[in-house]
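Working from the sequences, and respecting the hints, build out all of it.
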Amino acid sequence: MNEHRRFRLAETRAPHLPLRRRLMSAALAAGALALGAGLGFAPAPVLAEESPDALIERVGNELIRLIADDEAIKRGDMGAINRLVDEKVMPYVNFERMTALSAGRWWREATPEQRKQLMTEFRNMLLRTYSGALEQVGNQTLRMKPLRAQPGATDVIVRSEIVQPGREPIQLDYRMHKVGDGWKIYDLNILGIWIVETYRSQFNQEAQRTGVDGLIRSLADKNREFGPGKGSQGT
Amino acid sequence: MSAPPIARTAAAALLALALAGCATTGADGQGGVASDPFEPFNRSVYSFNDALDRAVLKPVAKGYERVVPEPARDMVGNFFGNLADIWTGVNQLLQGKPGAGFSDFWRVAINTTFGFGGIADVASLMGIEKHDEDFGQTLGVWGVPSGPYLVLPFFGPSTVRDGAAFAAVDFWGDPIVEMTSSHGRRNNAYVLRAIDRRARLFQAESLLEGAALDKYSFTRDAWLQRRRNQVYDGDPPPLDDECAYCDEYLDDEDDAGAQATDDRTGDAPNPPVNERP
Chain A
67 MNEHRRFRLA ETRAPHLPLR RRLMSAALAA GALALGAGLG FAPAPVLAEE SPDALIERVG
127 NELIRLIADD EAIKRGDMGA INRLVDEKVM PYVNFERMTA LSAGRWWREA TPEQRKQLMT
187 EFRNMLLRTY SGALEQVGNQ TLRMKPLRAQ PGATDVIVRS EIVQPGREPI QLDYRMHKVG
247 DGWKIYDLNI LGIWIVETYR SQFNQEAQRT GVDGLIRSLA DKNREFGPGK GSQGT
Chain B
1051 MSAPPIARTA AAALLALALA GCATTGADGQ GGVASDPFEP FNRSVYSFND ALDRAVLKPV
1111 AKGYERVVPE PARDMVGNFF GNLADIWTGV NQLLQGKPGA GFSDFWRVAI NTTFGFGGIA
1171 DVASLMGIEK HDEDFGQTLG VWGVPSGPYL VLPFFGPSTV RDGAAFAAVD FWGDPIVEMT
1231 SSHGRRNNAY VLRAIDRRAR LFQAESLLEG AALDKYSFTR DAWLQRRRNQ VYDGDPPPLD
1291 DECAYCDEYL DDEDDAGAQA TDDRTGDAPN PPVNERP
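Note that the protein sequences, when read in sequence, are chains A and B. Quick note, my numbering runs 66 ahead of the 1-based positions in the first sequence. Quick note, my numbering runs 1050 ahead of the 1-based positions in the second sequence.
Please keep in mind that the hints were generated in silico from the structure rather than gathered at the bench. Heads up, a few of these hints could be off.
[Stated by the list, open to error] If you only want the chain B side, here are some residues facing chain A, beta carbon under 8 Å, derived:
1) SER1267
2) ARG1276
3) GLN1280
This structure is a prediction, so every number in the text was calculated from the model and none was measured. Every residue gets a Cβ at the ideal spot worked out from N, C-alpha and C, and that includes glycine.
Printed below as a string of structure tokens:
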């Protein structure tokens, strides 16, 4: 699949059309970088007082470089993608918080074991969804927008764009909160769509019908059905 | 997608119905989502659109992708994109953004000349960014609320405001209407544009399949967020009533194991909202 056409999706004006599809394509295009820049970041040996936007900029650029140079990742090799995410992304993500917020009140009702399963399946779902776009990572750059935060804030929105030559920039924002003396991401916005807000109603709708176990089962089924090699991963 | 008069009439009728509906239904149906009081109706239109797509548009677009080489398809997409920029520019002006508006007109001028009538997007290569505005967004900027979510037959996700803007204004602002007085040629243009757009969506389609537990509500929620984001040009203010980030649900994050003593039920009507920057 060529990146050109796929990215054009994000910018093509089509007010009369099933917008959901254009949306989703845009999200897909952004996904590569979401993964890279988005799902999290590990406070490697960093300066103690790195600001949240500096962190995003540093890790985002590193990920763009790493992904662009890695054929296995661009091919959609889930093993390689998982390693990259574990090493370079998850240390900067509070994924428990992200899952808890997405699960809403069901998080309270879940047992520790259910919470663990929910996190595992949710993570797999997000990785699976966005890994297909990684092959497009190449000569993009990250453009940070000014951070508007009160001094001493412990919860901020970091705003950025992925700039790609000849195409519309991809909006990518992060909600981050302070944990100790570092910052962690707990939500990601691709082209105006927040993951937590979107999955919140997906999870709630499913759990209302079938409970927490049913929700976990649906996620697991989905992950199996659309897992690697099942043909849903783009090319 | 093309807009045969029947489709437009149907859409207009549905809008009238929907508007009448809002007057009587109120904002929140029982057990439903506040932004989607017409959910049962919307779901059936959604299924109708889906079935129609599977039966007609998708196979045609697949064939188009197979037969027409990619550079030619890019040219088709650029051509329609260039036309769309005109209407985007007009809406920028209506929204009080002359800078962005003239940038869009400048794109049209460059692409129409150096881009050989729009088939090459030279302006993007020069770093003049493409934007995306329509009359629904303009109404939003003017302060018109979006109204309930509404799935239009043939055209897909919308809201009462955006659907009305589309049927009453955007459709007529479409440069294809001005381009030729021949209905035949105009319809050919609509059809080609619909096929072009559909062919760009295959990837997104499989993403939706894999990411959504319920495609209908996933599409709705993502679309409404995206739409609001567009109205505010990427920087919407936080919603007053959103509790997506309440610490309500995170009782054990900071003090593990404390949840047993907590008597909050988690679905209290007005949980405390976090202060956000």
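Against the structure, the hints:
no. : hint    : result
1   : SER1267 : 6 Å, holds
2   : ARG1276 : 5 Å, holds
3   : GLN1280 : 7 Å, holds
The earlier numbered hints are all upheld by this structure, with none contradicted.
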